[in-house]
Every structure is written in C-alpha cells, then in structure tokens.
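Following the hints, put chain B with the ligands in place on chain A, whose structure we already have.
Chain by chain, the residues:
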Amino acid sequence: MNVVVCVKQIPDPAAPQSLEPSTNTLDRSGKLILDDSDAYGVEMALQLVDKAGSGEVTLVSMAPNGEVAGLRTALAMGAAKAILVSDDALKGTDALGTAKVLAAAIKRTEFDLVLAATESSDGYTGTVPVQIAELLGLPSITFAKSVTIDGSTVKVDRQTEAGYDEVTAPLPAVVTVTAGVVEPRYPSFKGIMAAKSKPVDQVTAADLGFSAGDVGAAGSGQTIFAVADAEARSAGEIVVDEGDGAQRIVSFLEGLKVI
Amino acid sequence: MAINKILVLVELTESGPTATSLELLTAARSLATTVEAISWGPSVAAAAGTVGEYGATTLHDAGDLGSALPGAPVAGAIAGVASGFDAVFIPTSYDGRDIAGRLSAKLNVPVLTNITGLGEDGGLTTEHPVFGGAKIVKAKFTGAGLQIFVIRAKSFAAEPAGGAAAAVSALAVPEAGATGTATIVSRHVEERTGPKLDEAAVVVSGGRGLGSADNYTWINDLAKLLNGAAGASRAIVDAGWVPYSHQVGQTGKTVKPTVYLACGISGATQHLVGMKGSKNIIAINKDQEAPIFTVADLGIVGDVNKVIPALIEALKGR
Ligand SMILES: Cc1cc2nc3c(=O)[nH]c(=O)nc-3n(C[C@H](O)[C@H](O)[C@H](O)COP(=O)(O)OP(=O)(O)OC[C@H]3O[C@@H](n4cnc5c(N)ncnc54)[C@H](O)[C@@H]3O)c2cc1C
Ligand SMILES: Nc1ncnc2c1ncn2[C@@H]1O[C@H](COP(=O)(O)O)[C@@H](O)[C@H]1O
Chain A
1 MNVVVCVKQI PDPAAPQSLE PSTNTLDRSG KLILDDSDAY GVEMALQLVD KAGSGEVTLV
61 SMAPNGEVAG LRTALAMGAA KAILVSDDAL KGTDALGTAK VLAAAIKRTE FDLVLAATES
121 SDGYTGTVPV QIAELLGLPS ITFAKSVTID GSTVKVDRQT EAGYDEVTAP LPAVVTVTAG
181 VVEPRYPSFK GIMAAKSKPV DQVTAADLGF SAGDVGAAGS GQTIFAVADA EARSAGEIVV
241 DEGDGAQRIV SFLEGLKVI
Chain B
1 MAINKILVLV ELTESGPTAT SLELLTAARS LATTVEAISW GPSVAAAAGT VGEYGATTLH
61 DAGDLGSALP GAPVAGAIAG VASGFDAVFI PTSYDGRDIA GRLSAKLNVP VLTNITGLGE
121 DGGLTTEHPV FGGAKIVKAK FTGAGLQIFV IRAKSFAAEP AGGAAAAVSA LAVPEAGATG
181 TATIVSRHVE ERTGPKLDEA AVVVSGGRGL GSADNYTWIN DLAKLLNGAA GASRAIVDAG
241 WVPYSHQVGQ TGKTVKPTVY LACGISGATQ HLVGMKGSKN IIAINKDQEA PIFTVADLGI
301 VGDVNKVIPA LIEALKGR
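From first to last, the protein sequence lines stand for chains A and B.
No gaps in the numbering here: position 76 of the first sequence is 76 in this note's numbering, and each next residue is one more.
No gaps in the numbering here: position 170 of the second sequence is 170 in this note's numbering, and each next residue is one more.
One or more of the hints may lead you astray.
According to the in silico footprint, chain A covers these stretches of chain B (three or more CB under 8 Å from chain A) [unchecked claim]:
no., stretch
1, 43-54
2, 168-181
Have a look at the derived ranges for each label pair, beta carbon to beta carbon [claimed, not checked]:
no., chain 1, residue 1, chain 2, residue 2, range
3, A, F225, B, K5, 20 to 26 Å
4, A, T223, B, A165, 23 to 29 Å
5, A, R185, B, K306, 43 to 49 Å
6, B, S30, A, D50, 51 to 57 Å
7, A, D50, B, K196, 53 to 59 Å
Residues of chain B placed beyond 12 Å of chain A at every Cβ, according to the derived structure [said to hold, decoys possible]:
no., residue
8, T34
9, S83
10, I148
11, G252
12, G299
Derived by calculation from the structure, the hints in this document are not laboratory data.
Model, not experiment: these values are computed from the prediction.
Beta carbons: idealized from backbone N, C-alpha and C, even for Gly.
Okay, chain A solo, but in the shape it has when bound (with noise of 0.2 Å):
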C-alpha cells in the first residue's frame, strides 16, 4: 500500500498575514510551515500503510524558495520520502496549474491512493484535488471522515449537509480528508532527527514539463484587480460581568423583541 499525500507549506496562520502588492496574493516570501489541515492526511496516511504492512507515504508538494521546513515536519511524523516542486516560474500559479504540476509529480512515483485536505488553510480553493483527480483520471471522494482500505477498495464516510454518506471506490483513488478524520502525532525527536536524512526530490517546472506560460502567473486564467476594507460593524459594547452578564443579555434580546 503506497500513499501519496499532498501537502501544501504555508505561512504561519498565527502570525500577521500580508498580501503582496504586485499580485494581491497572500504573501508567501517568508518561512513556511506544514499547513495544519494536512497533518491529518499525513496522519491518516501513516495508519493505513501501517495496517497494510507494507509499502511506504511519499509527500509531494509545491512551495516557493525550494521550502523543506513543512515537509521535515511530515517526515518527522513517519513519511518516507518527498517530492518537492520548486521554481520561480510558478510563482503566481492558479489552482488548476496547481493541480496540473501536482499530478505531474504525483506521477514520478507508485501510489495506490492520494490523500490531500478538503481545503488549504490560505488558499482553501477546496478545488485542487479534484482537479488532480480528474487529470490523473482518478475517482475522488471528498469529505472523508473516515478512511478505510478493503483489499483494491477504499472506503470512506463522506460529510453531507445531512449526515454523512458511505461512498466506495476502486483503487487508484484520490480521497481529501476533514480535520477529525484522525488525530494527527506529534514528531518524535527520535522522528525529527531521522527526518533529516530522508531524500526530498526538488524538481523544477521543466522537469516536469511545463514550459514558461503553462503555469505561474501567465498561465493563470484569473487575476484579482482590487483590494478593499471590508465594511466594519459598528463598535459594540464590551463589559465586564459583574454577575449581572446574563441580565444585560436578557435586556439586549427584550431591546430586539426577539423575547
């Protein structure tokens, strides 16, 4: 059983975030970390290659400045190997081109099942795996809560808007996870320090295919023209309770009828 596992290494979301003037994207100059919604998919990555008792995760993923510190983290937590894309040229690039150098790099190894997150913590198009799916001519089950493999099949309880549904497929297969799907590890240091040494594949676009105007910014079929503040709500008034916080609730719902 071979996992990949699609990673996406972000700017800290607890420190202050930016938009970079020239595009009005989300700034990514500085250090990066594993986006916290792929931990899951590491994690869960983990448990069912264990389960199997053979094969191995590989992570793949696509960041600026030939980042590694995301992907150290996942190693640290058991994945044997990485592919990372790295290249000026796709600064820039939309989630389809996304997607596009993704499943290239996908490609470069064996795999049985891809797992992603349901949506990134900065960008959280939510479309990227999809779109892998579809270029690797793969089923995709989105939303999983669970994830288990029975033989070539796997099977996955998906989230609906009502509860959730049991939804097969065939193996090869793309499946995102939710947070809560499984509680991702903490790296052990034993972990961390062999994480060191496991082999991170750094590829450019070319060496995936790609030539200049088919991903980063030129290839990107969208632009975003304008940035505004968005209408601020009217200052509220904050108190202290004093043990009567229940009562002003009380007299701010009486002063809206709603009671």
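Same frame as chain A, but now just chain B with the ligands:
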C-alpha cells in the same frame, strides 16, 4: 463583453431546489440575458416550476445518477453543453465543489471559489472575503472559455421573478470511465429538531470554552428557549462533541440570523466568515482580547460557567 448566457447548477432536496440554488438563479438573472439551469436526480422535472419562477428558461436534466457520486458525471454533462454558455454558477457545497473542480480540469479553464459578491465591468467581477472578512479582494477571469464561479451560500437574497415553468431538456451524461467509479453505498441522516441552522432567526453557538461536551446541553437549552438553532465552532466538531452539521464557518454553514450568540468561541477568521453577516452578535468569552469581541454588538467578558446557567434561569423564568 456583456454577459449573454449563464448556466446555474441547481441542487435538489426532497422539498425542491436548495436555498443557495435559488440565490444563484436570482443573481444570474440580474447579470445575464438568458439563464438556464442544470440539475440531476430521479425527479428533476418536478423543479421546473420553481426554477422557472426564479428566472431560468430551460432546466437541463442530467437524470437519475443512481448511486454514483455526482462530481464526475455532472461535470461531464456540463462539459457537453459548455460551449453554449459564458459562465456557470455553482453553489459552494459538497457536490458543487466536486463538480467545479472536475469541470475546470476537464475544460482546462480556471475556477474562482469562495465568491460572496458579483459585479459587472466589461465581464463579470467577483468578491472574496480574506483575513476573516476584514478585507475583500476583487477578481476576474482573464482567459477565454467557460467561466466557473463557485459562490457561497447567503451571498444574495433569493427573489422569485414570476417566470413560467422552465422547459425541461434531457442532458446526456457521457461515460465517465474510472473517474466515475465512486459509489454511494448508503446514506445516514443525523436527526435534528427545531429550526434549521441556516434558517433560524436565532443561532446559539458553543466553542471549546464550554470546557466539556456535556456542557453543550447549555447551548441546546438556550437554543430551545430562544426558539433558535444550536451551532458550534470547528474545534468542538473535530473533538467529537457535536456532529459536523452544527459547524458554523468557512467549512461549515454560513448563517445570518437576527441574533448570533457565541459562547466560549475565540472568533478565528474561519469562524468569523461564517457568522459575521449576522444582524446582532452577542459574545461571551473570558478573554477580553478574544477576536470575537471585534464583531460583537454586546460582549460579555466573563465565564460561561457562570453567565450561561444564569441566562438559562432568567429565560426560563419568563
Ligand atoms: C482550513 C480551515 C477551515 C476552518 N473552518 C472552520 C469553520 O468552518 N468553523 C470554525 O469555527 N472554525 C474553523 N476553523 C478552525 C478555526 O481556525 C479555529 O481553530 C476554531 O474556530 C476555534 O474554535 P473555538 O473558538 O471553539 O476554540 P478556541 O480557539 O480554543 O477558543 C476557545 C475560546 O473560549 C474562551 N474560553 C475558555 N474558557 C472559557 C470560559 N470558561 N468562559 C468563557 N470563555 C472561555 C477562550 O478565551 C477562547 O477564546 C478552520 C481552520 C482551518 C485551518
Ligand atoms: N502547493 C501545494 N502543494 C501541495 N499540496 C497542495 C498544494 N495546494 C493544494 N494542495 C493540496 O490540496 C488541498 C486543498 O487545497 P486548496 O484547493 O488550496 O484548498 C490542500 O490541503 C493540499 O492537500
């Protein structure tokens, strides 16, 4: 370029088109000369009246897909008629996102997602909230081909236009090969009582600050007393305290009730985008610095363990 023809993806439930589908039809109607709709399922024709009332002249019926997961087959069906449209509007929903992703890769055209506003400037322009809705970025497509717009719930008000029933037209679903092999084996419906989360006039939501799953009964009690619906932050959904159907926020429901009461919720950007449009926001949080207070009309800096039981007593006494 004026917008000539828009196709709207209409999702059906047992009681007809979803609210978001009707919102998208309404928006499309104000932007294009001709609006048509596409849907699938065992009884699409039954929706022709409603779909027509909201402005679509034709309803393309991809038919009963049986147990197939809709993403690949519906994208294939849309691809077949794509050349006849300038744009397709798709709701931000489970199947909607699958269909949009598949369609984008199939036609080799980009897709814009998380749209909360639309405008016109030569072609269509879009609005997307970023940084928890503090800023709005405006975008547009630059290339040729079908433009795929994935639009969030409650971005527009649904209004009927009194049109005649849409003409139902059978739409061929091409063989999807391996991509179409995902199969729904069984469906599980989680029962909910009271008003629906995305329709209720009052929403009471709880977060990790409640301290334990047991304390979520407070939220249910408050919701009942206020004739509202009970919601949750993702933190406690992930922790398994409540089912996913309760989640408010970017990956959950968008709510715009008259009153939103947030209890023990920090107000992370992904939560704010799902509830910031509420008319009145009340927050209870023990941390004066919690971001939820930046959007609160009434903020109580206090302990939920004290404030909520007192509030329940006060409301019960009325
Ligand atoms: C891609 C992505 C999508 C996401 N989508 C969503 C989404 O749809 N919806 C969503 O909600 N989140 C979403 N999140 C998660 C979000 O970032 C936050 O982690 C989450 O909203 C935090 O939930 P919380 O406020 O309950 O918990 P916390 O952030 O832990 O906050 C708990 C709050 O309770 C307060 N508190 C603690 N004890 C008490 C007490 N006794 N009395 C009063 N107050 C107390 C604390 O001061 C704190 O502010 C998403 C994240 C990502 C990365
Ligand atoms: N640049 C990237 N590198 C690796 N994986 C990615 C990248 N972009 C998106 N993904 C994967 O696709 C998921 C959904 O991303 P998005 O479509 O941006 O919401 C992410 O959580 C990742 O698993």
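So, going through the hints one by one against the coordinates:
By the rule of at least three residues with a Cβ nearer than 8 Å to a Cβ of chain A, the coverage given for the stretch 43-54 of chain B is violated, with 0 such residues. Coverage of the stretch 168-181 of chain B by chain A holds in this model, with 5 residues showing a Cβ closer than 8 Å to a Cβ of that chain against a need of three. For A/F225 and B/K5, the Cβ-Cβ distance of about 24 Å falls inside the hinted range of 20 to 26 Å, so the restraint holds. In this structure, A/T223 and B/A165 break the distance hint of 23 to 29 Å, their C-beta atoms being roughly 39 Å apart.
For the pair A/R185 and B/K306, the supplied restraint of 43 to 49 Å is violated, since their beta-carbon distance comes to about 37 Å. Separation of B/S30 from A/D50 is about 54 Å and conforms to the stated range, judged on CB atoms against 51 to 57 Å. Checked against the hint of 53 to 59 Å, the C-beta distance between A/D50 and B/K196 comes to roughly 41 Å, which is inconsistent with it. No beta-carbon of chain A comes within 12 Å of the beta-carbon of B/T34; the shortest separation is about 24 Å.
Every C-beta of chain A lies more than 12 Å from that of B/S83, the closest at about 17 Å, which supports listing it as non-interface. Listed as outside the interface, B/I148 is inconsistent with that label: its C-beta sits roughly 9 Å from the nearest C-beta of chain A, within the 12 Å cut-off. Interface exclusion of B/G252 from chain A breaks down, the closest Cβ pair being 10 Å apart, not more than 12 Å. Not every CB of chain A lies more than 12 Å from the CB of B/G299, the least distance being 4 Å, so the non-interface label is violated.
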